[in-house]
Every structure is written in structure tokens, then in C-alpha cells.
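Residue numbers (the numbering used here), protein chains in the order written: chain W, 1 to 310; chain S, 1001 to 1357.
Hints are not guaranteed to be accurate.
Just a sample of chain S residues kept apart from chain W, beta carbon distances all over 12 Å, derived [stated by the list, open to error]:
no.: 1; residue: G1098
no.: 2; residue: D1099
no.: 3; residue: A1115
no.: 4; residue: T1126
no.: 5; residue: V1185
no.: 6; residue: S1205
Stretches of chain W that chain S covers, calculated by requiring three or more beta carbons in the stretch to come under 8 Å of a beta carbon on chain S [to be verified]:
no.: 7; stretch: 164-171
no.: 8; stretch: 177-188
no.: 9; stretch: 241-250
no.: 10; stretch: 263-272
Listed below are several chain S residues computed to face chain W (Cβ distance under 8 Å; list not exhaustive) [what the hints assert, rightly or not]:
no.: 11; residue: G1041
no.: 12; residue: V1045
no.: 13; residue: G1162
no.: 14; residue: S1164
no.: 15; residue: P1166
no.: 16; residue: F1168
no.: 17; residue: L1176
no.: 18; residue: L1182
no.: 19; residue: V1300
no.: 20; residue: L1315
no.: 21; residue: L1319
no.: 22; residue: Q1320
no.: 23; residue: V1327
no.: 24; residue: V1339
Keep in mind that the hints were calculated from the coordinates and are not lab data. From a predicted model like this one, the values you see are computed outputs, not experimental measurements. Glycine residues also receive a C-beta, built at the ideal position from the N, C-alpha and C atoms.
Letter by letter, the chains look like this.
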Amino acid sequence: MADTSTAQNRPGLKAWLLAAEPGSRLQARLGRFYVSWRAFLGNPLAVIGLVIVVALLICAAFADLLATHSPYIGGNLRTERLLPPDSEFWLGTDDQARDIYSRIVYGSRLTLLVVILVSVIATPIGLAIGTISGYFGSWVDVVLMRLTDIFLAFPRLVLALAFVAALGPGIENAIIAIAITAWPPYARIARAETLTIRNSEFIQAVRLQGGSSARIIVKHVVPLCLSSVIVRVTLDMAGIILTAAGLGFLGLGAQPPLPEWGAMIAAGRRFLIDQWWVAAMPGIAIFVVSLGFNLLGDGLRDVLDPKAAK
Amino acid sequence: MSVATAPRGASAEEGGRVHALLHVVGAIVRFVLTILVTLLGLVAVTFLIGRVVPIDPVLAIVGDRAPQSVYLRVREELGLDLPLIQQFWLYLKNVLAGDFGRSVLTTNPVLTDIAHFFPATIELATMGTLIGTLLGIPLGVFAAVRSGSLLDQIVRVVGLIGYSVPIFWLGLMALLLFYAKLDWVSGPGRLDISYDYIVTPVTGSILVDSLMQGQFAVFRNAFSHIILPASLLGYFSLAYISRMTRSFMLNELSQEYIVAARVKGISEARVIWRHALRNAAVPLVTVVVLSYAGLLEGSVLTETVFAWPGIGLYLTNSLQNADMNAVLGATLTIGVTFVGLNILSDVLYRLLDPRTR
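Whenever a hint applies, use it, and build me the whole structure from the sequences.
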């Protein structure tokens, strides 16, 4: 946001950013970023998504300050169990007299952890398999794409469930299982992008200069695949959150007493009819956050990957 | 001259025909091979998952007090002393013979269990797809025709919510509202206990069976049970189908033949429903099939919430009891069904769209 305000105050900067013939690589990059940023700001839904995601980041970073109670240690079991929302407990308390609001605030850290780790693990795998497959073609392509198809052949949640069953429940294993099921679409996209640029002249030029295949892939192919893969990863983040919450709900993700939102819903299920807020509140949190990632992903796609937007 | 060229021309024509035939056969062979490799891969994945389980299957059978000789004998009987590739071969042979082993939880062969539970899932997913298709296609068409209108915005929001809301949470909230508070529908399960065993199972669908046998009370009860989970799945299918319908229709409505039809003076309703939708119908069929496959996944969580005795509930129950044979059998069944539906959508597309021939 600071970018825009300074740009409006000093037309010189804006002119510099929008220069038709940038003087340096940095200027060109900043200029392109500025144009994308303005396009992004023109989409109110995308901005709402960004606000939600930033709010999640703030929530996770300052959970200690934002929470009003401990997420683990409950209050008086005799008088403070399953209380409806009031001024003391903003979203009510659960069966162990813990403040639901504080647990949701701390739970944002787990949600963020899952999303970040899954993308950090799955994106490089997908990029590597996709670019190698697309660049080398022939039997390498056949083998790697068959492998990708096999992983795509299972519904994601079901495959993740089977992996967690084998690895044992727990948030680390849930992250690994989701990452294993998340990479195939990224590989598909990276391969398609690689195929379109594999035979272009600048790649030929690097090859003629003696650039190795590894160098061409890492330095020239991957950067060009990155934006469409990033868009896809962002669009997937809501799905990752929902899968992680589903695993938590089935008791296979984060284990108690961790304040994972899906597991909190599972715990509140027993009191659904009389103390509905115990199960309802964490679900609203999951909904808002995955909505935020969906809106942000849609907005990013419109800006970074206009071909796919149609 | 002419005598010499005539047979050559005929043979060239014949050669072309043979060539085209070979081409088709080659394409079919490649298609079948691809399917076989994928299915083999599915089996390999479940096999490997089964092998990384930290539970020792021999100990699970003999107990930790068995003497070493018994332990080794059982290990040998299970084939666990063989090299991995031979173990896989054994596993593959068993799977092809329909032998997934026994479930520890139900003590039945896993295949019997799956045959018992799967029809309930099919019934639920079919109802869900019906709801999603019957509502989703008209909604998508209207959203495309009045692009940018309030209805279009509503369809968009419905889709966004469908992509963002946790299905199990929405299910719980629906149970709370429509079952506990409003009492419009029956609660979890497939039937009330008093209606059990009245209808003899024929097709596996209680709705169909009860209608065929004239048991209308059972039908009413079964319907009041299925309507809530089916609507829930239908909502997710609707979110997908309406979005795809909208984009296909927008694509068709911008084509020249639509302008031509309008210029001829054909009524707008006819242009939309008879001309545009008919051309959008081919990709839509594949979308409906794919959404059906997607509901298989959604049914895992939905069945858990609604205690619906389908394969999803069987899978999660087995998971919670570390019943690996059942878990892998159910996973493989769902995977194979998923692949089957994907192939079906592919084949339907080729059959229905003359341009792909």
C-alpha cells in the first residue's frame, strides 16, 4: 500500500516506474510489479482476499497479544465449561473450560504452518518433475507423466488418508501426506509451460553457448514456469487448508490439545445440539481463511496469468 | 498405361484404409495400455503404503509372546521373507483375485465388506449429482445469459462458498438446523431402526428397492434420511457444475452461429436452450461425470458426519482402528472407481463430439 501513496505523491516515481524504456533490470522489474499491483488493487474481491490473508499472518504472529486466555489451560471446570459467548469469553468456552477465541487465534499458527510447509515441499517437487519431463521429452516424459497420472488417479483426501494411516496420525505426517498428494497438478502445469518454451530461440542460444541442461532448466525454464505454478499453488491453498482440517476432524491430523481448527470441530461435535458454538466457531474461521486464499488466488491469476483467467 | 495405373491406385487407396485402421487400433491399444499402467500404479501405491506401516503384521497375528519359531513360520506364510518385488507380485495376484485380506475390525473379508458398504455410497453420490445437475445447469445458463446481473453474482458467490467451506462443518451445521432445531428431516443413518429389514436388498439402493416393493413408508423414511447429506453433496456439485456451465455457455454465446440464428429470427429462448446449450452439452456431460467422481471424495467426510454406512465411513472407521487391509482395500476401490469415471468422461467426450473423431 505504501507504494501507491508514494507514487501518487511524487509523480516522478510513477513516471520512473512506468518508463517505456527502463534503464536497468531493477527498474523494469519494479515497473512490472507496480503495474501488476495496480491491476490487483482494481479488483475489490482480490483485495478482500489479501486483507484476510494478511489478517491471518498478523493473527499468527501476534497470537500472544491477541489471545485473551491460554489456549491450553482451561478455567474453572465447575463454572466455566461450555459457556455461550459473552464479554469474558468472546466466542464461548469448550468442554475443558478453555476460551474458544484464544484457541482459534493460536490455531491460526497451525493453519499457516500447514499451508507454508505443504507449498514449500510440493512446489519444488512439482516444478522439478514437470520441467524435467517437459524439457527432456521422450521416455523421461512418459515415465514421469505416468507417475503423475497415478497420483492424480486417487482423490486427494483419500490418498492423504491412506498415507496418514501408514505414517501414523500427527500434524507432521498430515503435512507430508498432503504434500505428497499436492504436487501432481503443479507438475502438469510446469510441463505444459516448459513444452511451449523448450524450442524457443533464447533456449537454443543458451544451448549453443554451451549451457548444460541443468543450467537451462534451473536458470531459464523454471523462472518462466514460476508465475503460473505460483498462481496454482495460491488457488490450492484453500484446498490444502480444507484437507488439513478434514484430517484433523477425522482425528488423523494435529492431536489434542493442539488448537487445530478441524480437531476443534470434531471435539465440539459431541455438544452440537445444545452448545453449538463449540463446533461452529472454528468452522467459521476455516471458512473465512480459505475464502481469503481463494479470492487472493483468483486475483493473482487475473494479474499474473491472464491466459488462464478466461 | 491405364491398365497399369488402375491397380496401383486401388492398392494405394487400400493402403490408406489399412493405415487409418492401424492408426485407430494403435490409438485404442495405447489408451488401454495407459489405463493398465495407471491401475498397476494404483496397486503399487497401496502396496507401498501397506509396507511402510510401522505396525508389524506378524506380531499383530501371533502376539508378542509367541516363540520365535511360530513368528518365523507366520512370517513365511505371509510371504514377508520374500524380496519386495515378489511380495508385490503376490499382492497383485491376490488383488486381481479380489482378495484384499480380512478386516480386523469386522472379521469379514474386505471385499465382502466393500460390496456391503459401497452401494450406500453410490446411492448418496447419485442423489447428490442429480441435485447438483438439475439445479446447477439452469443456474449456470441463466448466469451466462445475464452475465453481470444479480443472478450471475449470486451464482458466483454460491460457487466461491462451495470452494471455501469445510464440507464436514457445513454438514454439522445443516444437521443442527434442519434436524435438531427445525425437525424437517431425519437424523444420521440410512433408515430408522424400525424400518430395517423390511425391504429385501436388490439393487443396493433403499430408495429404489422400497419403491419397487411398494413399501412407501420405508421410502418416505429413507428419503427423509438421504435428503440432507445428498443436498450437501449436491451443493458442492452445483458449485462446480454451475461455474462450468456458465463458462461453456459464455463461450457458445459468443460464436457466430448464435448471431446467425438470431438474425434468422429464432426466439431467444430457442437460441439459448436449443442451440447454445446443445453445443455446450458435450463438455457438460464430462463435467457431470467428473463431479460425480469428486463426490466420492466428498462422501468420505459427509458419511462420517451423517453416520451414512458407505465406503467413506468404512474407510474412516478402519483408519481409526489401524485396520490396514480394510484401509487399503477401500482406498484401492475408490481409486479404481475414480479412474473408471475419468475414463468414462473421456470416452463419452469422444463419442458425443463428432469433431474429436
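Evaluation of the provided hints:
Distance check for G1098/S against chain W: the nearest CB is about 19 Å away, which clears 12 Å, and the non-interface claim stands. Against chain W, the non-interface label of D1099/S holds: every CB pair exceeds 12 Å, the least being about 19 Å. Distance check for A1115/S against chain W: the nearest CB is about 19 Å away, which clears 12 Å, and the non-interface claim stands. With a least beta-carbon separation of about 17 Å from chain W, T1126/S lies farther than 12 Å from that chain, consistent with its non-interface assignment.
The claim that V1185/S is not at the interface with chain W holds, since no C-beta of that chain comes within 12 Å of its own (minimum 14 Å). The Cβ of S1205/S lies farther than 12 Å from every Cβ of chain W, with a closest approach of about 22 Å, so its non-interface assignment holds. Requiring three or more residues with a Cβ within less than 8 Å of a Cβ of chain S, the coverage given for the stretch 164-171 of chain W holds, as 5 such residues are present. Counting residues of the stretch 177-188 of chain W whose C-beta lies closer than 8 Å to any C-beta of chain S gives 0; at least three are required, and the coverage claim is violated.
Three residues within the 8 Å Cβ limit are the bar, and the stretch 241-250 of chain W against chain S gives 5, so the coverage statement holds. Three residues within the 8 Å Cβ limit are the bar, and the stretch 263-272 of chain W against chain S gives 3, so the coverage statement holds. The beta carbon of G1041/S is positioned within 8 Å of a beta carbon in chain W (closest approach about 3 Å), and the interface hint is therefore held. Hint status for V1045/S: holds, given a least beta-carbon distance of 6 Å to chain W, under 8 Å.
At its closest, the beta carbon of G1162/S sits 10 Å from a beta carbon of chain W; the interface hint therefore is violated under the 8 Å criterion. Here the hint on S1164/S is kept, as its CB sits about 4 Å from the closest CB of chain W, short of 8 Å. Residue-level restraint check for P1166/S holds (minimum Cβ-Cβ distance to chain W is 5 Å; threshold 8 Å). Of the supplied interface hints, the one on F1168/S holds, with its beta-carbon coming within about 5 Å of a beta-carbon of chain W, less than 8 Å.
At its closest, the beta carbon of L1176/S sits 5 Å from a beta carbon of chain W; the interface hint therefore holds under the 8 Å criterion. Hint on L1182/S is violated. Least Cβ distance to chain W is approximately 12 Å, over the 8 Å limit. Nearest Cβ of chain W to the Cβ of V1300/S: about 6 Å, under the 8 Å cut. The hint holds. Of the supplied interface hints, the one on L1315/S holds, with its beta-carbon coming within about 7 Å of a beta-carbon of chain W, less than 8 Å.
With its C-beta approaching chain W no nearer than about 5 Å, L1319/S sits inside the 8 Å limit, and its interface hint holds. Checking Q1320/S against chain W: minimum C-beta separation of about 6 Å stays under 8 Å; hint holds. The beta carbon of V1327/S comes within 5 Å of a beta carbon in chain W, closer than 8 Å, and the hint placing it at the interface holds. For V1339/S, the interface hint holds, since its Cβ comes within 8 Å of a Cβ in chain W; the closest pair sits about 5 Å apart.
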